[in-house]
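Sequences and hints are given; from them, build the entire structure.
In UniProt numbering, the protein residues as written are 1 to 290.
Bear in mind the hints are in silico, worked out from the structure with no lab data behind them. Careful, some of the hints might be misleading.
BS3-like, lysine-lysine: derived pairs with alpha carbons at most 30 Å apart [as the list claims (entries may be wrong)]:
(1) K62 with K82
(2) K47 with K203
(3) K82 with K203
(4) K82 with K66
(5) K62 with K47
(6) K62 with K77
(7) K211 with K137
None of the values given here were measured: they were computed from a predicted structure.
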Amino acid sequence: MTDTDLTISDRIQLELDSLTRAERQLAHSILENYPASGLGPLAQLAKDANVSAPTVARMVQKLGFKGYPEFQTELRKELRAKVKNPIAKHDTWAEGAPSGHVLNRFTDAVIDNIRHTLAQIEPETFDQACALIADPKRALYIVGGRITHTLAEYLFLHAQVIRPAVTHIQSTSNAWPHYLLDVQQGDVFVIFDMRRYENNTLKLAEMARDKGAKIILFTDQWRSPVHSISDICFSGRIVVPSAWDSVATTLLLVETVISSIQDINWADTKDRMEGLEDMFDQTKLFRKFT
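Take a look at the structure:
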């Protein structure tokens, strides 16, 4: 993977452990409003992060840029990509489409997205997220948006079998504030929010956070505004040769979460599965081949 494949956020995450205290403070300041942060003068970025101008210059070079102007150019490119609508995205791909069949081109893009995303995930962080999601002492709320509600529902249907106290909230519904009434300190919110980020989702996350909930966010490489208040954030690559973004990488993560949480409390999960299968048999919902 080349440096051109990496977003500035990726570069910061890779370099975070090698940064000085002041540089790390600057990095967190940039990520707070990424990628819009850093578009102003160098002196303003330094002031906002409460660091010196030389600190900004040094960190920009550590991220692989010759200077602040080159750093800003890359930020502007990422910002344009972040706000693209489906028609604009399609035009970009159509101009330089490879000659291979779409099956191969699309699959290559998805595989690259998966590899890039997994390279950025710490196994310990993933395990921590799964432990929170599986904990039956914590109520679990799952939230998606206009498109990502399909991912939320997929996780919800499985989590509902695996553990008790699971709620699916659709942030596109006007009734979502009702669900916050029973939220307790330490409850868990799994939130899906990808570009063209939804205002309802951010407001819901803020209100849940105010009630002491833990927030696990699944987002894209540019990261939803929810990331600034999330406890754990998984940023998946989503760009493919299509007018639409791909959720294949995020779905892979979701299915891996499901696999993990079913094993954490397997004895209780097995009992729930057996109970559900018994009800299926009674209702004759599915055909049985004997």
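Each hint, compared with the structure:
For the proposed pair K62 and K82, the alpha carbon gap of about 24 Å is at most 30 Å, so the pair holds. A distance of roughly 28 Å separates the Cα atoms of K47 and K203; the hinted pair therefore holds under the 30 Å criterion. Restraint check for K82 and K203: satisfied, since their Cα atoms lie roughly 20 Å apart, inside the 30 Å limit. At roughly 24 Å between alpha-carbon atoms, K82 and K66 fall within 30 Å of each other, so this suggested pair holds.
Simply put, K62 and K47 have alpha-carbon atoms about 20 Å apart, close enough for the 30 Å limit, and the pair holds. For the hint linking K62 to K77, the alpha-carbon distance of about 20 Å falls within 30 Å, and the restraint holds. Under the criterion of a C-alpha separation no larger than 30 Å, the hint pairing K211 with K137 is consistent with the structure, at around 16 Å.
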